[in-house]
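If you read the sequences in order, they're chains H and U. Residue numbers 1 to 416, in the numbering used here, belong to the letters of the first sequence in order. Residue numbers 417 to 619, in the numbering used here, belong to the letters of the second sequence in order.
Wrong hints could be hidden among the right ones.
As the list claims (entries may be wrong) - Taking lysine-lysine pairs in the DSSO-like style, the calculated list, with each CA pair at most 30 Å apart, reads:
(1) U/Lys464 / H/Lys64
(2) H/Lys137 / U/Lys515
(3) U/Lys481 / H/Lys378
(4) U/Lys585 / H/Lys55
(5) U/Lys482 / H/Lys141
(6) H/Lys378 / U/Lys504
(7) U/Lys482 / U/Lys585
(8) H/Lys55 / U/Lys515
(9) U/Lys464 / H/Lys378
(10) U/Lys585 / U/Lys515
(11) H/Lys378 / H/Lys174
(12) H/Lys35 / H/Lys137
(13) H/Lys169 / H/Lys311
(14) U/Lys504 / U/Lys515
(15) H/Lys64 / H/Lys169
(16) U/Lys504 / U/Lys482
(17) H/Lys55 / U/Lys504
(18) U/Lys482 / U/Lys464
(19) H/Lys169 / H/Lys137
(20) U/Lys515 / H/Lys378
(21) H/Lys55 / H/Lys141
(22) H/Lys64 / H/Lys137
(23) H/Lys55 / H/Lys174
(24) H/Lys311 / H/Lys378
(25) U/Lys464 / U/Lys585
Hints are computed from structural coordinates only; laboratory data are not their basis.
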Amino acid sequence: MSRTSTGLLVGLILVLSPITALAQPKAADPAVIAKGEYLARAGDCIACHTAREGKTFAGGLPMKTPFGTLYTSNITPDSQTGIGTWTSDQFYQMMHSGRFPDGGLVYPAMPFASYTQVTREDSDAIYAYLRTVPPVKQLNKPHDLTFPFNNRSLILGWRTLFFREGEFKPDPTKSAEWNRGNYLVEGLGHCGMCHTPINALGGSKQSQAFEGGLIPMQNWYAPSLTSNKETGLGDWTIEEIVDYLRKGVSAKGAVYGPMAEVVYNSLQYLNDDDVRAMAVYLKGLAQGGPPEKASTALPSAESSLLLSFGKSIYDRDCASCHGATGQGMPPDYPPLAGNQSIQMVSAVNPIRMVLNGGYPPGTSGNPMPYGMPPFAQKLSDDEVAAVVTYIRTAWGNRGEPVSARQANELRAATLN
Amino acid sequence: MAARVLACAPCHGAEGEGTGDAYFPRLAGKPAGYLYNQLIAFRDGRRKYPPMNYLLEFQTDDYLKKIAEYFASLRPAFPPPVPPVDSKEILARGEAIVKNGDPQHGVPPCSACHGPTLGGMEPGIPGLLGLRAAYISGQLGGWRYGTRTAFAPDCMQIVASLLTEDDVKAVAAYLSSRPAPADPSFAARGSLPMPLECGSEPH
């Protein structure tokens, strides 16, 4: 390069640099960044946007769906492989409308159908926070979807059916606490992603919001939050719901499976007021009277045989922790009597717990949880069916019997 | 602590002594650093065994350290060694590899790192006695096929890939035939000159 052109270049840089400085977003207020970090916890961004042993927020986590495998994206501020060049407007457009800066459609595994409720102010705070995390240069992995789902334009159809864009509007007839809970549960918390039934198109129907459903690929049942027959939250105290959400254990039950992830990565970090607000809102959702008596049961001869078989297994293997009458020793040994997750229509969760055992998450409120032993290697399918039938029907529980076949099918369920 | 880790008991025994199932290892008395490395590896998916990966997925480093220290502190009796079913030649081949390695193929002796008594070395190297042949050959296979990995340099991956199928069988047969050590203790940290570097054993 000649001396003249070097001089010209220096001159250009000198002229251009004030403009470049202006184009840079100004450093955000530390209070806004801290708020954004908190809200990113409430949205559980880290759970999907961080791979196992991967760099935080650099994406690359495989998400198995019935339509193929999606790989989550890099949301660090790296300008080439992350979202470093995005403006706060573009970030809000993705959160609110499910569209990339170029207008392209985001796969709805990203819960924008919930995040659309997030306010502009909160979206900006999360954006400000994400600009402060260490940038990671890591290219996004291409998705591995089967035909025809690898065609992004299909998302348009999905959006027509299942996506309602719109920011949260508080209900003036309800308390500020209820409205805050509503905002967190329906928005950042994206609880509906699991607790609303997913249909064959992978959509959550608003008309069935929070009615519960089997989580695709994971084979855990997310109980209905609207019917008192499933979570029974209508019968829980606010304190019990708060403990369950924040510590992972409570006097009424403990979290396992996919919900353990939510408590571990997200809910344990929320402040008491926010978790309480979510509890108030959730308790209000759980409508309906006390659960009804199950309508059908096995023929009595068969059922009494199964039950006495189940009771002998229970007395031998379960009673030392869960008590002779299923009362448990809460919070470390959950009660089984009166526990809705044991007796709800889907028997998937109790069968899986007997087969695989499980630990509630280690949280600041319960750092050393007690674990339930797995019994898959000890009990036959008939024994699993008998003991699960017993705990679903003994001590006033109103669940229906389960078959050895149901138990057998869940032996092959994905564990992890 | 015993009550908190009851979930481990069906496969590893109430005191980590192992059970009748040959595939599930004894945990008791292994160095805490080794057990901790394994718990972290299972939690983070670096060592793959779905029932373990599932149980540990949402536990903190602190708690896993306490669990490791707990099982490291236990000293239940060793099971009687299984009478060897393999030929004298196979056992002799196993003994040779364990004590002298296979210098021709660059295989170091097991005793170089696991100690002359095979009791292990603190903090990260486990003892090799009280384990069944199926477990030992399963682990050596796991390293060869990548379902068991450790921090780089993954020395056991290197060693296992130098062994033949027959070597694995012979080492597993010999180790599982040895009587329990009279004094189940580890070599002191750094007391053995290791022939190769291991990411899981700080120097």
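Hints, verified against the model:
Restraint check for U/Lys464 and H/Lys64: the C-alpha separation of about 18 Å stays at or below 30 Å, so the hint holds. Distance hint between H/Lys137 and U/Lys515 is unfulfilled; the C-alpha atoms sit about 47 Å from each other, more than 30 Å. Simply put, U/Lys481 and H/Lys378 have alpha-carbon atoms about 28 Å apart, close enough for the 30 Å limit, and the pair holds. Restraint check for U/Lys585 and H/Lys55: the C-alpha separation of about 40 Å exceeds 30 Å, so the hint is violated.
Only pairs whose Cα atoms come within 30 Å are accepted, and U/Lys482 paired with H/Lys141 is rejected, the gap being roughly 37 Å. For the suggested pair H/Lys378 and U/Lys504, the alpha carbons sit about 36 Å apart, so the restraint of at most 30 Å is broken. Only pairs whose Cα atoms come within 30 Å are accepted, and U/Lys482 paired with U/Lys585 is rejected, the gap being roughly 34 Å. Proposed proximity of H/Lys55 and U/Lys515 is contradicted: the alpha carbons are some 42 Å apart, above 30 Å.
For the proposed pair U/Lys464 and H/Lys378, the alpha carbon gap of about 22 Å is at most 30 Å, so the pair holds. For the hint linking U/Lys585 to U/Lys515, the alpha-carbon distance of about 16 Å falls within 30 Å, and the restraint holds. Distance check on the hinted pair: H/Lys378 and H/Lys174 sit about 52 Å apart at the alpha-carbon level, beyond 30 Å; violated. A C-alpha spacing of about 26 Å is found between H/Lys35 and H/Lys137, which places the hinted pair at or below 30 Å, so the restraint holds.
A threshold of 30 Å between alpha carbons decides the hint, and for H/Lys169 with H/Lys311 the separation of about 51 Å lies outside it, so the pair is violated. Of the pairs offered as hints, the one joining U/Lys504 and U/Lys515 holds, with about 16 Å between alpha carbons and a cut-off of 30 Å not exceeded. Our distance criterion of 30 Å between C-alpha atoms is broken by H/Lys64 and H/Lys169, whose separation comes to about 33 Å. Our distance criterion of 30 Å between C-alpha atoms is broken by U/Lys504 and U/Lys482, whose separation comes to about 42 Å.
Distance restraint check for H/Lys55 and U/Lys504: the Cα-Cα separation of roughly 51 Å exceeds the 30 Å cut-off, and the hinted pair is therefore not satisfied. A C-alpha spacing of about 22 Å is found between U/Lys482 and U/Lys464, which places the hinted pair at or below 30 Å, so the restraint holds. Proximity of H/Lys169 to H/Lys137 is assessed by CA-CA distance (about 38 Å); at most 30 Å being required, the pair is judged violated. A hinted pair counts as satisfied when its Cα atoms are at most 30 Å apart, and U/Lys515 with H/Lys378 does not qualify at roughly 38 Å.
Under the criterion of a C-alpha separation no larger than 30 Å, the hint pairing H/Lys55 with H/Lys141 is consistent with the structure, at around 14 Å. Pair hint H/Lys64 plus H/Lys137 holds up; C-alpha atoms about 24 Å apart against a cutoff of 30 Å. As the CA atoms of H/Lys55 and H/Lys174 are separated by approximately 42 Å, the hinted pair breaks the 30 Å bound. A distance of roughly 16 Å separates the Cα atoms of H/Lys311 and H/Lys378; the hinted pair therefore holds under the 30 Å criterion.
This hinted pair checks out: U/Lys464 and U/Lys585 have alpha carbons roughly 22 Å apart, not beyond 30 Å.
Figure legend: structure checked against the earlier numbered hints; hints not met, in rising order: 2, 4, 5, 6, 7, 8, 11, 13, 15, 16, 17, 19, 20 and 23.
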